[in-house]
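My request is simple: use the sequences and hints to build the entire structure.
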Amino acid sequence: MASMLMKNPVTSSDRSIIARRKKKKTNLSSKDQNENTIINHNNNNNNNSRDSTNEWKSQAQQQVYSSKLLKALHHAQTSAPAPKGGQAVREVADRVLAATAKGRSKWSRAILTNRLKLKFMKKQSKRQSVARSKPSRLTKKPRAGIMLKLRTKSLPAFQKKARVLSRIVPGCQKQPLPVVLEEATDYIAALEMQVRAMSALADLLSGASSTS
Amino acid sequence: MSSRRSRSSRHSGGSRISEDQINDLVSKLQQLLPELRNRSSDKVSAARVLQDTCNYIRSLHREVDDLSDRLSELLETSDTTQAALIRSLLMQ
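Top line first, the protein sequences correspond to chains A and B.
Residues in the first sequence are numbered consecutively from -16, following the working numbering.
Residues in the second sequence are numbered consecutively from 96, following the working numbering.
Keep in mind the hints are simulated off the structure, nothing from the lab.
A hint or two may mislead.
For lysine-lysine, the following DSSO-like pairs were computed, each having C-alpha atoms within a straight-line distance of at most 27 Å [claimed, not checked]:
1. A:Lys143 with B:Lys138
2. A:Lys143 with A:Lys157
3. A:Lys157 with B:Lys123
4. A:Lys89 with B:Lys123
5. A:Lys89 with A:Lys40
6. A:Lys89 with A:Lys51
7. A:Lys105 with A:Lys89
8. A:Lys143 with B:Lys123
9. B:Lys123 with A:Lys40
10. A:Lys143 with A:Lys89
11. B:Lys123 with A:Lys85
12. A:Lys85 with A:Lys100
Here's what the structure looks like:
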């Protein structure tokens, strides 16, 4: 009996040492796990960009966009019977396109926030011009992006074209080069889908009006 | 040459943007362009890809403008539109 009692504290201390060693091991493995999750997250991001550009090509996405566009156009027609014109339809189409993107891409968020800013600034310009200072404060970006552009591809022709492209894609005006390129790939896929959906819709409507 | 690369990687810090990453993105962009997709990426310069991207996006914008003009004309005829809308929704 006494011998067993004597043994127990020894084993308990051994157990604590083993437990501490195990904790150290788990800490190390959790660090590895964190690194792995970071790498996996980066891989997932890359996969997500490929998946999203493929998603724009899918028929389902086009149907979602077409039905949303129809509803939005119908709503715009019934609520505001003001002169429609191509410009209004274009605005509705862009807004619905940005909404279909579900905020995953920078250009879609830029389109949606620009409309809100325009509405907000139109209301404010009648009273004060304070609202104009606010957006500039919010959109302050670090200057490191421009430095990166200069260091990687230092040809002036390339730089000029990169700057032109960043102005064409909405919301990418002061972004670093890889962001602009990624947004441009998604934007092109989305625009192609928009063209397909709108031309199908126009054919349907023109076909329907000719038969009826 | 290697010192230049190490300097740039140290300055970029957490973002770690490399020449290879940019070339990878440029080649992905090239695959989307209808003109350049069949050409090998060695023969097409990155500046050419950017130029064609700008032109392509501009032409897509123009197409969307034309289509929206056409749609606005079609939607003005209010008698046919409602029936057409219902029909098109049912077809989809």
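### Task
List, from low to high, the hint numbers that the structure doesn't satisfy.
none
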